[in-house]
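Going line by line, the protein sequences match chains A and B.
Numbered according to our numbering, the first sequence spans residues 490 to 691.
Numbered according to our numbering, the second sequence spans residues 9 to 571.
In case anyone wonders, no lab produced these hints; they're calculated from the structure.
Glycine included, every Cβ here is placed at the ideal spot set by N, Cα and C.
Fair warning: there could be bad hints in the mix.
A partial selection of chain B residues facing chain A, derived with a Cβ cut-off under 10 Å [to be verified]:
hint	residue
1	K21
2	R23
3	A25
4	E41
5	D42
6	E114
7	I156
8	H164
9	A168
10	Y248
11	A321
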Amino acid sequence: MSERQTEILLADGSVIADDWVWLRLPESAEPQKKSAGKVVLFRLTGDSAAPAEVVAGVAIPASGRVLLPLTIWLARKDELAPRLAAGEIGVWLDSFEEPQALVDSLADINTLPVIGLNFPRFIDGRAFSVAFLLRNRYGYRGQLRALGDVLRDQLFFLRRVGFDAYAVRADLDIRAAAASLADFPEVYQSSTDQPLPLFRRA
Amino acid sequence: MYRYNDYDRAIVKARVAQFRDQTRRFFAGELSEDEFRPLRLQNGLYIQRHAPMLRIAIPYGLLSSEQLRMLAHIARTHDRDYGHFSTRQNIQYNWIPLEQVPEVLEKLSSVDMHGIQTSGNCIRNITSDPYAGIALDEIVDPRPWCEILRQWSTFHPEFAFLPRKFKIAINGAEHDRAVVRCHDIGLEVYRNAAGELVLRVFAGGGMGRTPIIGSVIRDNLPWQHMLTYCEAVLRVYNRYGRRDNSYKARIKILVKALGAEEFARQVDAEWEHFKDGPGTLTQAELARVAAHFTAPAYDAAAGGESELAARAAAERPFERWLSRNVRAHRQPGYRAVVLSLKPTGKPPGDVDSDTMDAIADLADRYSFGELRVTHEQNLVLADVRADQLYALWGELRKLGLATPNIGLLTDIVCCPGGDFCSLANAKSIPIAQAIQERFDDLDYLYDLGELELNISGCMNSCGHHHVGHIGVLGVDKSGSEWYQISIGGAQGNDTSLGEVIGPSFAAEQVPDVVEHLIDTYVDNRQPEERFLDVVRRLGVEPFKSRVYANVAGAKRAKEVEHV
Numbered sequence: 490m491s492e493r494q495t496e497i498l499l500a501d502g503s504v505i506a507d508d509w510v511w512l513r514l515p516e517s518a519e520p521q522k523k524s525a526g527k528v529v530l531f532r533l534t535g536d537s538a539a540p541a542e543v544v545a546g547v548a549i550p551a552s553g554r555v556l557l558p559l560t561i562w563l564a565r566k567d568e569l570a571p572r573l574a575a576g577e578i579g580v581w582l583d584s585f586e587e588p589q590a591l592v593d594s595l596a597d598i599n600t601l602p603v604i605g606l607n608f609p610r611f612i613d614g615r616a617f618s619v620a621f622l623l624r625n626r627y628g629y630r631g632q633l634r635a636l637g638d639v640l641r642d643q644l645f646f647l648r649r650v651g652f653d654a655y656a657v658r659a660d661l662d663i664r665a666a667a668a669s670l671a672d673f674p675e676v677y678q679s680s681t682d683q684p685l686p687l688f689r690r691a
Numbered sequence: 009m010y011r012y013n014d015y016d017r018a019i020v021k022a023r024v025a026q027f028r029d030q031t032r033r034f035f036a037g038e039l040s041e042d043e044f045r046p047l048r049l050q051n052g053l054y055i056q057r058h059a060p061m062l063r064i065a066i067p068y069g070l071l072s073s074e075q076l077r078m079l080a081h082i083a084r085t086h087d088r089d090y091g092h093f094s095t096r097q098n099i100q101y102n103w104i105p106l107e108q109v110p111e112v113l114e115k116l117s118s119v120d121m122h123g124i125q126t127s128g129n130c131i132r133n134i135t136s137d138p139y140a141g142i143a144l145d146e147i148v149d150p151r152p153w154c155e156i157l158r159q160w161s162t163f164h165p166e167f168a169f170l171p172r173k174f175k176i177a178i179n180g181a182e183h184d185r186a187v188v189r190c191h192d193i194g195l196e197v198y199r200n201a202a203g204e205l206v207l208r209v210f211a212g213g214g215m216g217r218t219p220i221i222g223s224v225i226r227d228n229l230p231w232q233h234m235l236t237y238c239e240a241v242l243r244v245y246n247r248y249g250r251r252d253n254s255y256k257a258r259i260k261i262l263v264k265a266l267g268a269e270e271f272a273r274q275v276d277a278e279w280e281h282f283k284d285g286p287g288t289l290t291q292a293e294l295a296r297v298a299a300h301f302t303a304p305a306y307d308a309a310a311g312g313e314s315e316l317a318a319r320a321a322a323e324r325p326f327e328r329w330l331s332r333n334v335r336a337h338r339q340p341g342y343r344a345v346v347l348s349l350k351p352t353g354k355p356p357g358d359v360d361s362d363t364m365d366a367i368a369d370l371a372d373r374y375s376f377g378e379l380r381v382t383h384e385q386n387l388v389l390a391d392v393r394a395d396q397l398y399a400l401w402g403e404l405r406k407l408g409l410a411t412p413n414i415g416l417l418t419d420i421v422c423c424p425g426g427d428f429c430s431l432a433n434a435k436s437i438p439i440a441q442a443i444q445e446r447f448d449d450l451d452y453l454y455d456l457g458e459l460e461l462n463i464s465g466c467m468n469s470c471g472h473h474h475v476g477h478i479g480v481l482g483v484d485k486s487g488s489e490w491y492q493i494s495i496g497g498a499q500g501n502d503t504s505l506g507e508v509i510g511p512s513f514a515a516e517q518v519p520d521v522v523e524h525l526i527d528t529y530v531d532n533r534q535p536e537e538r539f540l541d542v543v544r545r546l547g548v549e550p551f552k553s554r555v556y557a558n559v560a561g562a563k564r565a566k567e568v569e570h571v
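Please take these sequences and the hints and turn them into a complete structure.
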């Protein structure tokens, strides 16, 4: 299952054509969210639950820029090495997946031109923390893209934690949504966009 | 109290504009019901039985007379002439039409008020001690810490879509009056052996469906780290708190599942990365905020103690009011006065708009134009001259605000319940009224002494029934309303959770049940023992057997019991 995002919103409010193909696992093989089971399994959020044969069998477009699920990237990164070198490979994480797994799979996280973070539902706010960590803990400087249920009223927060590209949900007016990147004139806390809290600036 | 600067004001104004546009998009069909819900919730707007319920933040319970007048204006102009003070020190309106909410928020912003983060899965209004700054047992004034946290948590970009709501309370006194052990994060500010200002951090406490007393995850934390440490707690929770089941999504479930020690370890590991970073608080910032909470211009000549004693000796009702509704003050010649919002026959916590205006005038004339909201749903005039108490008492009596029942059985803490709230399983206000009517003999109430009775209309526990000496919980069984009774709960330093005495009762039985609980206490008490002490000494059994032996129909209730 793949989807071409035709347009994408950037942090400066511009809307540009986009040529990345967002590749997803087949619906039936969506990784299981282990947190639904026993509470002791909280930490198992990064588990690869898609069967190996499914991961091996997913057809990756032979050319062009592709945003791959973490599980596919981890299983097949050797075969993808030349395309990574050519700048054609990005990786996206679902909301329950661990950024550490991605970081560990590369000598340098900045080899990736794009990392995507998925919002399965907009009320699932885990990716806000993951984005913050990618920017501030792991030093990622490439494009950080919000995917999935990306709505206008998240944009201000998305920009602050370090997302700089927003695949605004296709049924929404992406140009009108851009206005919400600037919903507030001032902020109290430090985050990726503003490393100093207001009390150290004002 | 804290006064907004240009930054604060600009942020709140931007919020009003944002919400106005969100409401417009909702009515234009650009936002679905599901998409609008979290947005309106983060402005305190619920859809309730009759109309949207709008909850306005009263940061850590502090209110100016000017703000109270605006609250009165809104009740009069946009609602049905009253508001309800809640157990989270906020105020709620029940009848404001959705279309008018942007206008109401606009008006509120003119007095530096808002509904920001009063609901939804985000960091809620910070709560604290209503006697902050004046209590005799205060170690550190918690208000600057509350305000610093308020600013930090307002529109925190990372924590606007948490697994579930998140409540922080702060206490700075020897006696905890902020229920810090029953909050997602509870903070105690104190001085360590070296005299340094430090924090004790409780996490994972809460009421609701699964009541849990919070665990200490950090002690002796230098104050400079308050925000960064909270950030670490929130980040661990945001990433690993459950999102598959809203009943198990509060931080208390995560802390319990991991164990407090392991949770603390994960928080520390996270915190280590940025603990001395720019989020570290500075002395300059603490001083800037603390400057808003200096003592008012007390009159060193205020006194009148001997006249007060003489009046009290001469007038029994005045003496009673002094003993129950007036609190000691650290400033000689001053007292704190509790305005009881619990007269028999009125829903606990409700105030009509004319009375709000009158209270605002009293605040101006008697207490430097400020007042506080308690989590027991009463109001406090914190700085009243002792020599003006008698005059104030006379005015409060005329307004029906001098019921001398603070801390007594009829000072019932009660959520709005099934009459208003769409979450409720059962009504709670009529139960409160029936109990108040049953126990309307003041002499008897005084004899019973300190007794906290809390009523929640559902498991969400807005009435804090888990920590009531007597707790009443509305439950729904096969479509009818029943009430589960627990005893032995308590707030404060020795917080405990009440124990359920047995099968539920019908509404009309509840006053009988309470009466038998009280009788058991009276028969078994030793001198100076409170109801709570007797429950702790004897356990639930004698109370339980007496109630079930005497209350007719309890058996019938048992037949439908299945929880």
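Report holds or violated for the interface hint on B/A168, using the least CB-CB distance to chain A and a cut-off of 10 Å. At 5 Å from the nearest chain A Cβ, B/A168 passes the 10 Å test, so the hint holds.
Answer holds if the nearest beta-carbon of chain A is closer than 10 Å to that of B/R23; otherwise answer violated. 8 Å, holds
With a cut-off of 10 Å, does the beta carbon of B/Y248 approach a beta carbon of chain A closely enough for the hint to hold? 5 Å, holds
Does the nearest C-beta of chain A fall within a distance shorter than 10 Å of the C-beta of B/H164? Given a least distance of 5 Å, the restraint on B/H164 holds.
Interface hint for B/D42, Cβ within 10 Å of any Cβ on chain A: Constraint on B/D42 satisfied, holds at 9 Å.
Quick check on the hint: B/E114 CB to chain A CB, less than 10 Å? At about 16 Å, which exceeds the 10 Å cut-off, the nearest Cβ of chain A leaves the hint on B/E114 violated.
Status of the B/K21 interface restraint (C-beta, 10 Å, chain A): Hint on B/K21: holds, closest Cβ of chain A at ~9 Å, below 10 Å.
Chain A contact restraint for B/A321 - C-beta distance below 10 Å: 53 Å, violated
Would the stated hint for B/A25 survive a check requiring a Cβ distance to chain A of less than 10 Å? Holds: closest Cβ of chain A sits about 8 Å from B/A25, inside 10 Å.
Is the hint on B/E41 kept, meaning its closest Cβ partner in chain A is under 10 Å away? 13 Å, violated
With chain A as the partner, please determine if B/I156 meets the hint condition of a C-beta pair closer than 10 Å. Since chain A brings a Cβ to about 8 Å from B/I156, closer than 10 Å, the hint holds.
Comparing the model with each numbered hint stated earlier shows that hints 4, 6 and 11 do not hold.
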